[in-house]
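Turn these sequences into a full structure, and let the hints steer you where they fit.
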Amino acid sequence: MLEARVLIVEDNEDVREHIKTIINTQADFTVVGECGNGNEVLDLVEKYHPNIVLLDIEIPSRTGIDVAKDLAELKPGIFLIFITGHSEFCLTAFEIKSLDYILKPFTEERVISSLLRAKSFLNCLNPAFVNMSRISIKTRGGTIIFIEAKSISYIEKVKGIKYISIYTDHGYYNITETLNDIEAKLPEQFYRCHKSFIINLERVKALVRDGLNTFHVLLNNSKQKVSVSKYHYDELIKKLNS
Numbered sequence: 013m014l015e016a017r018v019l020i021v022e023d024n025e026d027v028r029e030h031i032k033t034i035i036n037t038q039a040d041f042t043v044v045g046e047c048g049n050g051n052e053v054l055d056l057v058e059k060y061h062p063n064i065v066l067l068d069i070e071i072p073s074r075t076g077i078d079v080a081k082d083l084a085e086l087k088p089g090i091f092l093i094f095i096t097g098h099s100e101f102c103l104t105a106f107e108i109k110s111l112d113y114i115l116k117p118f119t120e121e122r123v124i125s126s127l128l129r130a131k132s133f134l135n136c137l138n139p140a141f142v143n144m145s146r147i148s149i150k151t152r153g154g155t156i157i158f159i160e161a162k163s164i165s166y167i168e169k170v171k172g173i174k175y176i177s178i179y180t181d182h183g184y185y186n187i188t189e190t191l192n193d194i195e196a197k198l199p200e201q202f203y204r205c206h207k208s209f210i211i212n213l214e215r216v217k218a219l220v221r222d223g224l225n226t227f228h229v230l231l232n233n234s235k236q237k238v239s240v241s242k243y244h245y246d247e248l249i250k251k252l253n254s
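Each residue of the sequence shown is one higher than the one before, starting from 13 at the first, in the numbering used here.
Everything labelled a hint here was simulated from the structure, so no lab data went into it.
Positions of the beta carbon are idealized from the N, C-alpha and C atoms, including for glycine.
Errors might be hidden in some of the hints.
The calculated EDC-like cross-link candidates involving lysine to aspartate or glutamate, where the alpha carbons are at most 20 Å apart (straight line), are [said to hold, decoys possible]:
id : residue 1 : residue 2
1  : K171      : E189
2  : K59       : E46
3  : K197      : E160
Beta-carbon label-pair distances, calculated as ranges [stated by the list, open to error]:
id : residue 1 : residue 2 : range
4  : T190      : D82       : 19 to 27 Å
5  : D193      : S73       : 20 to 28 Å
6  : S73       : Q38       : 23 to 31 Å
And the structure:
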């Protein structure tokens with residue numbers, strides 16, 4: 013069962029606190045982040061990986077509708093629930109595949125009903141889908157790029173170098189994020205097989221023993237020998253056989 017991770021986007025602090033109080037009455041729901049500005053949403057989504065976003069429409073910098081359109085395109089596995097005083101945007105909200113449209117003033121029961129509906133859908137989904145087919149990466153030059161997760165073969169952190177390298181079907185990217193940061197964004201088919209490597213399990217061609225306690229993986233479409241820690245060997249075998 014998936015954890016319901018909620019991000020609240022509401023510029024009125026009192027309303028935001030009220031929504032948090034309602035959510036906190038429900039088991040299996042966690043408020044992972046909150047903000048009152050449209051420009052902050054995408055960064056918080058990348059940081060906290062919510063699967064439910066509750067958002068107002070009239071917020072500073074960008075409207076909730078504009079934010080929702082971006083989320084629907086970039087993170088289609090997130091369930092969007094509008095909580096707003098503007099009834100006139102209801103049709104637009106559902107056109108961008110929002111799950112619900114709650115009008116202010118709202119009741120506790122109305123919000124809980126919508127949250128439980130989102131949770132029921134979450135429980136039916138494959139976690140790999142919820143973690144998204146696309147991820148964002150920040151290059152050393154500061155450019156944010158969106159890439160298809162399935163195009164990644166492996167990710168490497170070379171000792172003594174401050175950046176990590178992502179190797180894809182279309183070339184490689186040197187990025188400023190850590191392996192832990194990237195690992196949190198990736199779907200289930202990726203595995204941290206070594207402190208310096210993350211691999212795409214769907215690309216594994218062979219698992220080779222080099223010595224008594226040393227192993228490496230061969231990947232399709234790559235000549236690189238990817239090291240496998242002896243502590244991760246048994247778990248890797250299980251994942252490859254599942």
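Violated constraints from the hint list, given by number and in increasing order:
none
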